[in-house]
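2 protein chains.
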Amino acid sequence: MLIENEHLKQFTSGFSRSCLQINGLLESDAELIRLDNKVLAITTDNIVEEISSGLYADPYQIGWMSVVVNLSDLAAVGAEPLGINISLNMPSGTGSEYLAGVGAGIEDACKLHKTHVLGGDTNWGNELMVGGTGIGIIRDDKIVLRKGVLKGDLLFATQKMGLGNAYGVSRLIQKKEDFNFYPKARLDEGNIVRQFATSCIDTSDGFIPAISNLMEINGMGYDLEQDLNDIVGDEIRSSIASEGVPPWMLLAGPHGEFELLFTVPESNVKKFLQAAQSIDWQPVYLGRAGGDPTLSFRLNGNSLSCDPSWIANLFTACGGDVHHYFNELQKINQSWLQQIFQN
Amino acid sequence: MLIENEHLKQFTSGFSRSCLQINGLLESDAELIRLDNKVLAITTDNIVEEISSGLYADPYQIGWMSVVVNLSDLAAVGAEPLGINISLNMPSGTGSEYLAGVGAGIEDACKLHKTHVLGGDTNWGNELMVGGTGIGIIRDDKIVLRKGVLKGDLLFATQKMGLGNAYGVSRLIQKKEDFNFYPKARLDEGNIVRQFATSCIDTSDGFIPAISNLMEINGMGYDLEQDLNDIVGDEIRSSIASEGVPPWMLLAGPHGEFELLFTVPESNVKKFLQAAQSIDWQPVYLGRAGGDPTLSFRLNGNSLSCDPSWIANLFTACGGDVHHYFNELQKINQSWLQQIFQN
Chain A
0 MLIENEHLKQ FTSGFSRSCL QINGLLESDA ELIRLDNKVL AITTDNIVEE
50 ISSGLYADPY QIGWMSVVVN LSDLAAVGAE PLGINISLNM PSGTGSEYLA
100 GVGAGIEDAC KLHKTHVLGG DTNWGNELMV GGTGIGIIRD DKIVLRKGVL
150 KGDLLFATQK MGLGNAYGVS RLIQKKEDFN FYPKARLDEG NIVRQFATSC
200 IDTSDGFIPA ISNLMEINGM GYDLEQDLND IVGDEIRSSI ASEGVPPWML
250 LAGPHGEFEL LFTVPESNVK KFLQAAQSID WQPVYLGRAG GDPTLSFRLN
300 GNSLSCDPSW IANLFTACGG DVHHYFNELQ KINQSWLQQI FQN
Chain B
0 MLIENEHLKQ FTSGFSRSCL QINGLLESDA ELIRLDNKVL AITTDNIVEE
50 ISSGLYADPY QIGWMSVVVN LSDLAAVGAE PLGINISLNM PSGTGSEYLA
100 GVGAGIEDAC KLHKTHVLGG DTNWGNELMV GGTGIGIIRD DKIVLRKGVL
150 KGDLLFATQK MGLGNAYGVS RLIQKKEDFN FYPKARLDEG NIVRQFATSC
200 IDTSDGFIPA ISNLMEINGM GYDLEQDLND IVGDEIRSSI ASEGVPPWML
250 LAGPHGEFEL LFTVPESNVK KFLQAAQSID WQPVYLGRAG GDPTLSFRLN
300 GNSLSCDPSW IANLFTACGG DVHHYFNELQ KINQSWLQQI FQN
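Sequence order for the protein chains is A and B.
Everything in the first sequence is counted per numbering that gives the first Met the number 0, starting at 0 for the first residue and increasing by one.
Everything in the second sequence is counted per numbering that gives the first Met the number 0, starting at 0 for the first residue and increasing by one.
Misleading hints may appear alongside valid ones.
Stated by the list, open to error - Below, a list of computed lysine-lysine pairs in the PhoX-like style, where the Cα atoms sit at most 25 Å apart:
#1 A:K113 to B:K141
#2 A:K183 to A:K113
#3 A:K174 to A:K330
#4 A:K150 to A:K269
#5 B:K37 to B:K146
#6 B:K37 to A:K141
#7 B:K150 to B:K270
#8 B:K8 to A:K110
#9 A:K270 to A:K150
#10 B:K270 to B:K146
#11 B:K37 to B:K141
#12 A:K8 to B:K110
#13 B:K146 to B:K330
#14 A:K146 to A:K269
#15 A:K37 to A:K270
#16 B:K113 to A:K8
#17 B:K150 to B:K269
#18 A:K330 to A:K141
#19 A:K37 to A:K141
#20 A:K113 to A:K141
#21 A:K270 to A:K141
#22 B:K141 to A:K37
#23 A:K146 to A:K270
#24 A:K141 to A:K183
#25 B:K146 to A:K37
#26 A:K37 to B:K37
#27 B:K37 to A:K113
Claimed, not checked - Sample of chain A residues at the chain B side, in silico, Cβ under 10 Å:
#28 T11
#29 L34
#30 W123
#31 N125
#32 L336
None of these hints come from the bench; they were simulated from the model.
Cβ atoms here follow ideal geometry from the backbone N, Cα and C, with glycine treated the same way.
Put together the whole structure using the sequences plus the hints.
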């Protein structure tokens, strides 16, 4: 059971839901509202902890990310962005140059994704928060939620993953400042995914937390046919090769990279891959859905399995302490190597 | 010139605008986006300073207000709410009972206004922020913005004002805890206003700041025919009669009461008043638009005029110190009485 989900369920347990809303609680990356023959997609995402922890320090990057976190949720439901409302909460000493940097990041991220700031709200508080609400539209009747996986569906990702956590390791553990992280939301890919997939989630919280979410919502496990270490992008692997970090750990951490993780029924795969090819995109095949809610995977060629929610909860269980968390991941790695050795 | 508007213009100066957006910056209480033959209304409003200053302390009231501030913006454009996304930023020690109180206030305010929480985002920070983004829809082609006042238009309010600042005085200056403030957004009234008015703004920042906003955006003044003290509700006046607070001051302060302030052309007045009567509502006539951007008004039967932006900026100019601010308002009152005496 994911701790964050439990927390949310508790807060929202008394809320009645709109009969226009398609998705239930936690069943979708964005809220989907029926509007005649269309669907509105609405998502709110604010950046707080990433700033206070030092993960994002550059004002331009903070502005950029505040847009991308929201657009990525729209991508995961395959919506076309109509725009974004920005929420800004600033400490009273915030300088106008800093603020201009945040604004430039917001505008550049909007431009890249062909969308616009619509409005927003600014407040004075005692810590910086930048975020917003993204509004999107779906113009046909094809809908994809996190919920809907069928046994035997093929699991894909838009691309190999691990970049977000590689950035996190670089910034918070290695204290490097030269790692550029300006991710793009997968809007074009999401629009295709929506037409063929039975489920979709973004990897903004990391790959293992994302698959754990899919597993919890659908009550079904996954058998990853790709080696866990191979799911990490080649360049990312080589960048951390000398640092004693097994690649799979970059799939575990809570700072993801805004890829999409989704399931396609066997019967749709051919058409899906054709559509992907039409935008020059090669989806990454990962494995299949089915069976008990367990994650079966290969590590260095050996078969293992785990409860991914345990890994997904680990950062919270470590009180958000990155060094403690990193040590706990190393322990998991050791236990897996031991299992492999004993087999 | 309103300080808050200048600040916003600076931050947003580099933002390109969507060609689907009907309103320009600051021209509307909610952002209006064309969607085929309909219009989406989107507004973001977060409560931060009202919590840190102690103005709102009860979790239920904080939850209630986080909904109403957003629905009131939808009311000012006459939109029908589709729902609200909640933004919650909590200090790490926030107890589950406190949180349940916030949630109950949110749900009860939604119920009263026949709307729903759609989703949202929760974060852990070092101070409490509760807010959200309200989404509404306008199903015909009648639009009202803050901008659009014509010379000679009649100025109305949904009701006499001053309640919000009376609450502020009670809470922050008199340190009383028995003043209940659970305002309602004027959604039904706003729907009528939209069909007949040339401009509309809510009084969430107080009556004088609201009229100052209308004046700045439209470049036109107002002649109030009602005595300034009479614009304050009778019950509110009697509640502060013994406290040495001239009633008009309750129109000046930055904590409003979610009435609507709007202009109706002479040619629409009859139909407008008929429509208002159909929902048992008696709009309050205040005066007329026209001439230089000055506010002409009567005080105790005498004619005066002022630049309302000076009063609207005063709270910010006093660094948000309520006692300093209150003293400055008393000075304005003295100078007005002196002018009356000299005439």
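Cross-check of the supplied hints:
no.	hint	in the structure
1	A:K113 to B:K141	violated (29 Å)
2	A:K183 to A:K113	holds (12 Å)
3	A:K174 to A:K330	holds (23 Å)
4	A:K150 to A:K269	holds (18 Å)
5	B:K37 to B:K146	holds (20 Å)
6	B:K37 to A:K141	holds (22 Å)
7	B:K150 to B:K270	holds (19 Å)
8	B:K8 to A:K110	holds (19 Å)
9	A:K270 to A:K150	holds (19 Å)
10	B:K270 to B:K146	holds (21 Å)
11	B:K37 to B:K141	holds (10 Å)
12	A:K8 to B:K110	holds (19 Å)
13	B:K146 to B:K330	violated (32 Å)
14	A:K146 to A:K269	holds (22 Å)
15	A:K37 to A:K270	holds (24 Å)
16	B:K113 to A:K8	holds (22 Å)
17	B:K150 to B:K269	holds (18 Å)
18	A:K330 to A:K141	violated (43 Å)
19	A:K37 to A:K141	holds (10 Å)
20	A:K113 to A:K141	holds (23 Å)
21	A:K270 to A:K141	holds (15 Å)
22	B:K141 to A:K37	holds (22 Å)
23	A:K146 to A:K270	holds (21 Å)
24	A:K141 to A:K183	holds (24 Å)
25	B:K146 to A:K37	violated (30 Å)
26	A:K37 to B:K37	holds (12 Å)
27	B:K37 to A:K113	holds (22 Å)
28	T11	holds (7 Å)
29	L34	holds (7 Å)
30	W123	holds (6 Å)
31	N125	holds (5 Å)
32	L336	violated (34 Å)
Taken one by one, the earlier hints fail for this structure at numbers 1, 13, 18, 25 and 32, listed in ascending order.
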